[in-house]
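Add chain B to chain A, keeping to what the hints say.
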Amino acid sequence: MIKMKLQDVHAFFGKNEVLKSINLDIYDKAVTSIIGPSGCGKTTLLRCLNRMHELDKNASIKGRILLDNEDIFKMDLYKVRRKVGMVFQSPNPFPFMSIQDNVLAGFLMSGKRLSKNQKEEICEKNLRRVALWEESKDRLRNLPTNLSGGQQQRLCIARALANDPEIILMDEPTSALDPISTSKIEELIIGLKNEIVIVIVTHNMQQAARISDFTSFMYLGNLIEYGVTEQIFKVPKEKLTEDYITGRFG
Amino acid sequence: MRVLTDRLFQAFTMLVALSVSIILAFILFQLIKDGIGSINLNFFIETARPVGSNSGGFKQAIVGSLIIDSIAMVIIISLSVLGGLFLHVYPEALLSKILKEAMSLLQGTPTIVCGICVYYMVVRSMGHFSGFAGSIALALVGIPYMVLASEQIFKMTPSLLVEAAYSLGLSKTRVIFYVILRFSKFPLLAISLLTLARIAGETAPLLFTAFGNSFLELNPGRPMAAMPLQIFIYAISPYDEWHRLAWAGALLLIIFVTVLSIILGRYRRLGE
Numbered sequence: 001m002i003k004m005k006l007q008d009v010h011a012f013f014g015k016n017e018v019l020k021s022i023n024l025d026i027y028d029k030a031v032t033s034i035i036g037p038s039g040c041g042k043t044t045l046l047r048c049l050n051r052m053h054e055l056d057k058n059a060s061i062k063g064r065i066l067l068d069n070e071d072i073f074k075m076d077l078y079k080v081r082r083k084v085g086m087v088f089q090s091p092n093p094f095p096f097m098s099i100q101d102n103v104l105a106g107f108l109m110s111g112k113r114l115s116k117n118q119k120e121e122i123c124e125k126n127l128r129r130v131a132l133w134e135e136s137k138d139r140l141r142n143l144p145t146n147l148s149g150g151q152q153q154r155l156c157i158a159r160a161l162a163n164d165p166e167i168i169l170m171d172e173p174t175s176a177l178d179p180i181s182t183s184k185i186e187e188l189i190i191g192l193k194n195e196i197v198i199v200i201v202t203h204n205m206q207q208a209a210r211i212s213d214f215t216s217f218m219y220l221g222n223l224i225e226y227g228v229t230e231q232i233f234k235v236p237k238e239k240l241t242e243d244y245i246t247g248r249f250g
Numbered sequence: 001m002r003v004l005t006d007r008l009f010q011a012f013t014m015l016v017a018l019s020v021s022i023i024l025a026f027i028l029f030q031l032i033k034d035g036i037g038s039i040n041l042n043f044f045i046e047t048a049r050p051v052g053s054n055s056g057g058f059k060q061a062i063v064g065s066l067i068i069d070s071i072a073m074v075i076i077i078s079l080s081v082l083g084g085l086f087l088h089v090y091p092e093a094l095l096s097k098i099l100k101e102a103m104s105l106l107q108g109t110p111t112i113v114c115g116i117c118v119y120y121m122v123v124r125s126m127g128h129f130s131g132f133a134g135s136i137a138l139a140l141v142g143i144p145y146m147v148l149a150s151e152q153i154f155k156m157t158p159s160l161l162v163e164a165a166y167s168l169g170l171s172k173t174r175v176i177f178y179v180i181l182r183f184s185k186f187p188l189l190a191i192s193l194l195t196l197a198r199i200a201g202e203t204a205p206l207l208f209t210a211f212g213n214s215f216l217e218l219n220p221g222r223p224m225a226a227m228p229l230q231i232f233i234y235a236i237s238p239y240d241e242w243h244r245l246a247w248a249g250a251l252l253l254i255i256f257v258t259v260l261s262i263i264l265g266r267y268r269r270l271g272e
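If you're matching them up, the sequences are chains A and B in order. Sequential numbering from 1 applies to the first sequence in our numbering. Sequential numbering from 1 applies to the second sequence in our numbering.
Derived from the structure by calculation, the hints contain no laboratory data. A couple of the hints might just be wrong.
Cβ-Cβ distance ranges computed for the label pairs, FRET-style [unchecked claim]:
hint : chain 1 : residue 1 : chain 2 : residue 2 : range
1    : B       : S159      : A       : R141      : 41 to 51 Å
2    : A       : D71       : B       : L95       : 27 to 37 Å
3    : A       : N58       : B       : R266      : 34 to 44 Å
4    : A       : G227      : B       : T173      : 35 to 45 Å
5    : B       : L160      : A       : E134      : 21 to 31 Å
6    : A       : N117      : B       : L41       : 49 to 59 Å
7    : A       : R128      : B       : G108      : 54 to 64 Å
Far from chain B by the CB rule (all over 10 Å, computed), these chain A residues [stated by the list, open to error]:
hint : residue
8    : V18
9    : G39
10   : S175
11   : R210
12   : Y219
Not the full set, but computed from the structure, chain B residues with beta-carbon under 7 Å of chain A [what the hints assert, rightly or not]:
hint : residue
13   : A164
14   : L168
15   : Y178
Idealized CB from N, CA, C, for every residue including glycine.
Isolated chain B (complex conformation):
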């Protein structure tokens, strides 16, 4: 009976794993089938073109995403590492409890709400959409995730190492900088890449902030295109030509996230 239950449970878990893998395989298959045909040199070096020109690419969206995501990551990493450190060093402080609750709440907030908040706080006060506003909206999505993850990472620092540093006569600040942060370097890098993978595909926060742009724009103070935004614009259009570009864009985004995951795997090994 025990063996039978074991076999049944094994078969059930395998079935579940297989069905999840089938969904993933289907998505990948569909993306490759419809997207690969449109990925060519023009896709990378041309900006959006009007319908009927039978060309046009994602250049403005790729560059826009790079700029918006980079600014967002700078904001996310700097604030989250500090926030995570505060939670780790002063876990009993009232501010820590408030911060932790706020981060948990923000983590569950729909991303479009982050976009609307930034629209009211930044876009309206600036008077126009901008890549910078998009970065802030993405940062709002990424920060709670990374603050809570950083706190967990800092907690993993072995107390033996922390005590060894204190026994050498080091102050708390130096122990944080030289032991906790150095020990957490690789996990923090890994979690940053995960956060980047998470925000890179976000569309909703960019709708009311970065807004999108059909032309190449390098100034983050102005409306900018971004990969997910461009995919959204192409996908909701009635034109087959733009649909193909949307599939290609989605495929590129998936490739980007996959590459990040591979790098992440390497960092994980380095961390160990």
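The shape of chain A in the complex, shown without the other chains:
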């Protein structure tokens, strides 16, 4: 089932067109990865999906992006961002809030009142989902700055999950992490795909091959090829995709 559908999406920074007529279907209960060389528009594409692209004053988007057949540009902006959560390249927990409050940030900052039991329940549930509960249950009131980079990134995923999104966008979530932390995040992504749609931008082709069900290859703002991961990596239809995957350019 298609969860999100991009129809002729163009994105601009000022007059500079950074995404050119993107058409893409993102499937439910699957991990979709976006690969491509630096500057090809991967992150811009990802940021269009929850309208984060619009945060830049010079940025604009043309085309339609449908979430469950509803145009996200006609939906309430904040609702879109609650439905489509995001995890960033560098771990960015709020340094002035405790670990527990970080998990609950979406509720606390939007003024939703939660009972003590609800808070504990949501916190435990989401920290367990990211396999951080055992490591942090005794220091929930501590600041997240004492956690390792990998733990902080998992906390950020828990924060995004606690908001109960339908899709999570991940912008190179492991690029700032060591191999052990990276493998934990990858396991987590594979574990989560039955509950939630994940779209991940990655520089690491092995990672895309390991964790994603669908892969899209981008080059200079164009979506060159999109398909099942196995097909993209084993029998790419496009010459450019083959050259990129085999390391002829990057």
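Below, chain B without anything else, positioned relative to chain A:
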């Protein structure tokens, strides 16, 4: 040759640092030498006395300064944080450009001009001098400094945190309140203390506004004494006895500013 130039430059910078430190040390030495003798219990619990009574203190000035500076700080913090936020959130707006220019201009305005303006705007319309007018004059001195500093502080909020908050579906107002203001809490406190240290020693804006008072006055609607004003009155008098009190008052003011700096250092560490 490179080593020689390096040594020469090092020696020059050390000389400059030393000469500045000597001036500071001289001021401190003079203040302590002439002021410490007059700092006793009476200094804190007595108001001004006539010459010849060989006593008298700074009570009315200490209390007056506390009241005037507190009111001034409430005005400064509330207006400056809002002004700084406006500059940060709408940097391209015409009003922002006007505000920024106005603040830069006001920052360079002699403080006595602020005093005269408040004299015409507040004192004359009220019909009398008042501690409140003094607070407004001090606020005029402190606001430009703190507005520009707050804008810089807000700019330091990492965009990663702001984006994280937006990605949770928060509105701009909530991002400002829950992320930008919370992240800036400690630097804002630090800059408030710096501003307090800056206005606490200002005399000129108080001359035509708070005016001074030899008696204890708790109502800011009436003329009030203040530390720098009292030091000024004692210092320009021809009496040795009052001169000693002026030195003591100046020493107390320096101690106050030093304590603020120490607290500031602590907040800076907390902020980091």
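Against the structure, the hints:
With their beta carbons about 28 Å apart, S159 (chain B) and R141 (chain A) fall outside the hinted range of 41 to 51 Å. Distance hint check: the CB atoms of D71 (chain A) and L95 (chain B) are about 35 Å apart, consistent with the given range 27 to 37 Å. For the hinted restraint 34 to 44 Å between N58 (chain A) and R266 (chain B), the CB-CB distance of approximately 42 Å keeps it satisfied. The beta-carbon spacing between G227 (chain A) and T173 (chain B), approximately 43 Å, falls within the hinted interval of 35 to 45 Å.
Range check, L160 (chain B) to E134 (chain A): Cβ separation about 27 Å, and the 21 to 31 Å hint holds. Against the hinted window of 49 to 59 Å, the Cβ-Cβ separation of N117 (chain A) and L41 (chain B) comes to about 56 Å, which satisfies the hint. For R128 (chain A) and G108 (chain B), the hinted distance range of 54 to 64 Å is satisfied, since their beta carbons lie about 59 Å from each other. Against chain B, the non-interface label of V18 (chain A) holds: every CB pair exceeds 10 Å, the least being about 18 Å.
The non-interface label for G39 (chain A) is consistent with chain B: the shortest C-beta to C-beta separation is roughly 19 Å, beyond 10 Å. In this structure S175 (chain A) is separated from chain B by more than 10 Å, as the shortest Cβ-Cβ distance comes to about 14 Å. No beta-carbon of chain B is positioned within 10 Å of the beta-carbon of R210 (chain A); the least distance is around 25 Å. Every Cβ of chain B is farther than 10 Å from the Cβ of Y219 (chain A); the closest lies at roughly 26 Å, confirming the non-interface assignment.
At its closest, the beta carbon of A164 (chain B) sits 5 Å from a beta carbon of chain A; the interface hint therefore holds under the 7 Å criterion. Using the Cβ-Cβ criterion of 7 Å, the hint placing L168 (chain B) at the interface with chain A is satisfied: the shortest such distance is roughly 4 Å. Hint status for Y178 (chain B): holds, given a least beta-carbon distance of 4 Å to chain A, under 7 Å.
Taken one by one, the earlier hints fail for this structure only at number 1.
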